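Protein chains: 2
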Amino acid sequence: MEAMTYTITFKVEGSKDLRVPAVPGTTLLEAAKQANLAIDAPCSGNGTCGKCRVQVLSGEVESMETRHISPEEYSQGYRLACSSTIRSDLTVAVPAGALAYQSRMKVTDLSTGREQGIFAALQEELRDLSFWGDHGLSLVGVHLKSPALDDARADRERLLWDLAEQIQSTGESIRFSLHALRRLPQVLRGADFSCTVVLRQDPDQKYTVLDIFPEAAGENAAPVLAGLAIDIGTTSVSILLVNLQTGAALAVGSAGNGQIRYGADVINRIIESTRPGGLGRLHKAVSDECIEPLIRQICHTAGLPPECIYRVVVAANTTMTHLFLGVPAEHLRLEPYVPAFFATGTLRGTDLGLRVHPDAEVEIAPSIGSYVGGDITAGAFSSMIFRKEPLSLLIDLGTNGELVFGNGEFLMACACSAGPAFEGGDISCGMRATDGAIEACTIDGQTLEPAFRIIGPEGQKPLGLCGSGLIDTIGELFHYGIINAKGRITHEGKRTFRDEWGIGGYILAFAQESESGRDIILTETDIDNFIRAKGAIFSAIRTMLTMLDFSIDAVEAVYVSGGIGSGINVKNAIRIGMFPNLPLEQYHYIGNSSLSGAYGMLMSRSATEKVLEIGRGMTYLELSSHPSYMDEFVAACFIPHTDGTLFSLDA
Amino acid sequence: MEAMTYTITFKVEGSKDLRVPAVPGTTLLEAAKQANLAIDAPCSGNGTCGKCRVQVLSGEVESMETRHISPEEYSQGYRLACSSTIRSDLTVAVPAGALAYQSRMKVTDLSTGREQGIFAALQEELRDLSFWGDHGLSLVGVHLKSPALDDARADRERLLWDLAEQIQSTGESIRFSLHALRRLPQVLRGADFSCTVVLRQDPDQKYTVLDIFPEAAGENAAPVLAGLAIDIGTTSVSILLVNLQTGAALAVGSAGNGQIRYGADVINRIIESTRPGGLGRLHKAVSDECIEPLIRQICHTAGLPPECIYRVVVAANTTMTHLFLGVPAEHLRLEPYVPAFFATGTLRGTDLGLRVHPDAEVEIAPSIGSYVGGDITAGAFSSMIFRKEPLSLLIDLGTNGELVFGNGEFLMACACSAGPAFEGGDISCGMRATDGAIEACTIDGQTLEPAFRIIGPEGQKPLGLCGSGLIDTIGELFHYGIINAKGRITHEGKRTFRDEWGIGGYILAFAQESESGRDIILTETDIDNFIRAKGAIFSAIRTMLTMLDFSIDAVEAVYVSGGIGSGINVKNAIRIGMFPNLPLEQYHYIGNSSLSGAYGMLMSRSATEKVLEIGRGMTYLELSSHPSYMDEFVAACFIPHTDGTLFSLDA
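Chains as they are written, first to last, in this note's numbering: chain A, 1 to 651; chain B, 1 to 651.
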């Protein structure tokens, strides 16, 4: 007997309807996954975050009761997709707010003047340090004798001997990419045997002819040696197309990581990857569905064929690196937490099935442990703390939080279990930094009315709070005494309330002011969750420093990076006890340090070697096995901290 | 308006019916091509060879008149597929004899005791010369410490450091194939961290970990290091799966070259390759449709996964090499006849899209000119004439004829335009060496009745003459005075005739004795065509020798190779003036020298280097531009020759 299936139709604003078959008992969230529709579920479908609100327009589902849906909303068909099982054919509307990512998602990709300034400074620093241009790729002009009956040398050998003489090498040390070989006869004859060759010199003095073009003259522009830096984050992917001769950014692109429909965090992705066919699905979700279209898009923008990409660098956390390469990741989450690899060595374009030059060198930033990956080693490189004398701290705030501390003498790194709060998880009105997110908030000391900066076009109404907005809001609420050190509402007024279960809250925006038509509220439960997240970061910093016998004051510079870092108000982050109480001028925002590090590696093999060296030399601190970490964490779960002397800053 | 199309149904014995749409005016041969049905057309569809006889069962075609179809046959619907254009929906029967190749096609692939003897002798010779086992591949056992919380090194690095110590190398000089990396975590843990690694050592002292297996013990057999030798002929493809540790042949396979439907000879293939999408079609026809299934088949036979193939060597003529690699071949046939490459350097499995280990090294035997390819350089290697003092001649008779002459001091090679006669082309009763082919013929001196050896199962009736049978028949006809030196019938009897146009012929088999139910006849036109073919070979030998100031007698050894060579009767080949008049004991049949040479290259990198050296050192003689060649050719177009003293052998 064939299993009975229902047809589920998802309606998404601005997209075509999606139809999938589903067997009875499937949840709406699972059905959406089948439809390749990424509904936001940072709690991974446990029914706790309330992000996956959808509206059932027709048909029958069986849903668990939840505080996230009011009786009125319930009667209108609103349900949590994760907690609703399918009982008939269905038509389901998916509001924009329930989508895990949107096209205008804010990522760190040189789209702002600030980012561009950071990029220009990085380029200058790389040049100064000679991490520049030694990628081995160059263009060589050749002018060959045309073949004749008495000189019937084959095209390859004709070119080879000329080239060997020009570069003062031997024929044996030059190999031809099959790609070049295939183009050779036509290109040579189309250009009267005067051509430009794309040559790669390897460190062992061997050469590869990667491609051949007609000599640049008249209509023929000189070929572009392009490279690609890729940052694969758990939530989003950014890529940067670079002219390897000038170092200029030719195009940038970013998109949500297609794996998000299999889970918001790395643990859920790893679990999915161990299911039958799961590793292939996760690989495909990031590679075929995300990176490939991005490559097409940026190449289109830059007017270059993807085969002109001769060098690729990928920086990602350990799990993302494994899944991108199609390497089993399950042991990352099983004691003793051992990755399949720290470094991979140089790979080739075709290894990864990427539509770049088949012989492109692909470098992968090395990991140092299951939870400190290539994004951090690359980030530590781009922060340049490895070459400075002052003790510095790198705080990378992405989907996970990671820290690096040290200087030119030593480097130590750890991952803090900050959880998803900074990306909107575990916060009822939390959201990622996309359109409608409140990214900055101030509260008027007199009226206690809030004012916002909102991501999106002019006139955008608020939809929720992203990480930086959350820090601001809680900082301001605490500053004006609306909440106390434990995060409890201590003020009664127009914008505060206490519900029937005794849980207090603050109303950021009333229904009529908000994009969704629902109140945007921050509850004491949300604040608790946030406090644990910020506590995790600060306690990680303290544990690492204490372990190395340093006090907070020993830190002479703090580099903040990552998507959340972009909009962050450091003063507020200190005020709530998330960042150490250091002079503001010691803080430096350095953008997407993972992508910047990948860029550095792209431009230079010695930079690549340096990142590998950083990886080999960096000590990995496993916080969970450190005896004093739990005490530090508990102490940090106050605003700002149980030890008030740590945050005596006059705010 | 959409173009009108008809539906053509091809009925082939033992196969499913094939249906294709065809526009009016298409020939049946073209329609068959569309249906991927390889109808034999050695004359490339000019209507001259008569091989493409099909029977129209229903529907209407417009056909040119031809001597190959009798009025009676015409009334039964017999037509030449190449000369019949489509005028309606059609049902067409394709007789077995019209198919370009059949499953039982006779190829040189170790299937006979004689071939096996040749193979064993080659192995011994390779061993003696130390062209043996230096392919760089080996198995290394590793016994690693299991990871623990205080030893959380990644799998790759754990293995790398152990391996580096064992082989006394550095970690930097060892790279991991992505294939091995992907298998690493599971294999290590499934085998308690005791494993066997497939390691390749490169000439520059770098290493690649290609694969990893559980340690051989108990149920786990030791992994097999397999290699693949491939001979791509214009007509058929042979492959040999080899155990690289022992040199043993694990399995052999052969199939018709799928490109045959685009033309019987290299010129027609090149022309097809220049049509839109043609290069891709020809590449696919040999690679996806022929080599891939053969690999699957022999791996199944040997019980090995294709990923165990770590080394591949391909030997083929220049055109086949270009088309197999997807490199444009059109300049091979345009003056000054320049290939895109002589050698390619080492390629990788993934370059070619072959389903072998993705990092398998692929070596291609080098060409020395447009019409002397890797089959000849590999063949010259396996003949070992390059290391002998006596002057030797290699005659390779495949779809083309090629010659190599020389010794340890020098080598010269040329291609003779022998045409397709030895494979049945241009001969009315000619056919390839498949079931039903007469491969040997003797004529009774008294009765003048013929006796045959026929390829195929017991009781197989004759269908036509293959190359060796043709040589025998003409040799015997001449010997018993049935034909004269010009190839004219000079005898009247039961088996001879002269038709209404005055063309004489000899009846090899009467209708009732033949498989097709038609007389098998050899006409004076056929004999003319054959004389030109054998004349091309002998005159090529003479021209080359004369040019080097040698007489025929200077040749001390003749090595005969190729498919046709297998059944050849050397005495008859001398009698008709095809082979030089030398003592029979100076002739040595060496089988498929292209495949043998590929086998040598597979077993040894120094053998590969030697073949490359042979290629670089071999002089290419372009016969067509040689002034005395035409005179030599005309003189050789007699049986045995205009200069009778050259063939004073008492036959």
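Quick caveat, the hints were computed from the structure, so don't treat them as lab data.
For clarity, every value in this text was computed on a predicted model and none was experimentally measured.
Treat each hint with caution, since some may be false.
Copies of the same chain are indistinguishable here, so a pair counts whether it falls within one copy or spans any two.
Computed list of lysine to any residue pairs in SDA-like fashion (alpha-carbon distance at most 25 Å, straight line) [as the list claims (entries may be wrong)]: (1) 206 x 12; (2) 284 x 307; (3) 486 x 408; (4) 145 x 619.
Evaluated hints:
no., hint, result
1, 206 x 12, "neither (54 Å within a copy, 54 Å between copies)"
2, 284 x 307, "both (21 Å within a copy, 22 Å between copies)"
3, 486 x 408, "neither (39 Å within a copy, 93 Å between copies)"
4, 145 x 619, "between (58 Å within a copy, 21 Å between copies)"
Of the numbered hints listed earlier, those contradicted by the structure are 1, 3.
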